[in-house]
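Quick mapping for you: the protein sequence lines, in order, are chains A and B. Sequential numbering of the first sequence, starting at 1, is according to the UniProt record's numbering. Sequential numbering of the second sequence, starting at 1, is according to the UniProt record's numbering.
To give an idea of the chain B side of the interface with chain A (calculated C-beta under 7 Å), a few residues:
#	residue
1	T145
2	S154
3	V155
I should point out that these hints are in silico values taken from the structure, not numbers from a laboratory. Backbone N, C-alpha and C define an ideal beta-carbon position, used for all residues, glycine too.
Given next are the chains, with one letter for each unit.
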Amino acid sequence: MQSLKVGMADLNTIKNNGTLVTLGLGSCVGIAIFDRKNKIAGLAHIMLPSSLEIKNNSNKAKFADSGIELLISKMEFIGANKHNMVAKLAGGAQMFKFNSKADVLKIGERNVLASKSKLDELGIKIIAEDTGGNFGRTIEFRSSDGSLLIKTIGYGKKTI
Amino acid sequence: MTVDISNLNNILLDVLKELGNIGAGNAATALSQIINNKVDMNVPQVRLLNFSEVDGILGGPENPVVGIYFGMEGDAVGNIMFILDLESAKNLVELLFDKKKESSELNELEISALSEIGNILASSYINSLSQLTSLKLKTSVPAITIDMAGAILSVPAIQFSYVSDKVLFIETEFIEENKYISGNLFLIPDIDSFEIILNSLGVV
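One chain only, chain A, in its complex shape (with noise of 0.2 Å):
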């Protein structure tokens, strides 16, 4: 089976029984989405919540909103169709707890709510999630099935 892996501010497609594996996840999100019919999937580790914030924004894989664009077009470009398109959300944790304003801190919560509303704009419905919380996940995402392997230390292991 092939496997590979979603870096920082990365993503992949995958088909034919494979999977996309994103290790140690933090604040970034891990968003999983999967054509049902097709069996296809597709993997996206981004930093940030919106490309439209910031002005270095080249690297499309690194926004929620500019990343779930390109995976959906890489996806559709394998085989993929939007309609079959379902998704799932993992990461977004808070690593560390401070008594502060900063909003940096706050960026795991931001992260998360921004893939929500482009998913949701794009009419892909979310379903299920493992975000928030203040620890890594480790996730593996199945072409097979479409199911979503997340493994912490010390918070257990489980398939959404």
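We have chain A; now place chain B onto it with these hints.
Chain B in isolation, oriented as in the chain A frame:
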């Protein structure tokens, strides 16, 4: 002049390395006084990494580590992070409490002690930086977590992602030889503060 961190020349890199050297030298002295043992440090590395490379350091993205995180406040802002692998954290706790630990599980008191060690290291680092640059600098209270290295590193990486597609760390490794304690101290100034620091030294 705007400093482009993905395109720093050798002089600037050397200056940053020297900053790390002086700051970490003081931190190493402080650590050695606390644990009453000799502490060595490696020559600081200035690492300029792509996001995809970030999770390759510290033993891989899933490697469990202790991360102690501070805000740097004052004339220049940013973050300081002290990272220990679990074995080192256990050995450091044994030295601090003068007892043998069966497992590498840490209780609340031990976590609090580690976080205080991080505090002392970060403060001595910042103090020497402050003297050198004549900038007013201080650290926030520490926040500590034990988790996957990749997840912990995502925090500073995201801060860089606002302005860059690369991450710049000044990294120093501390080594206590009798008992194996290896820790990494990262200084992560905000992009504007890079310029402030380099300006204060008269190099840009």
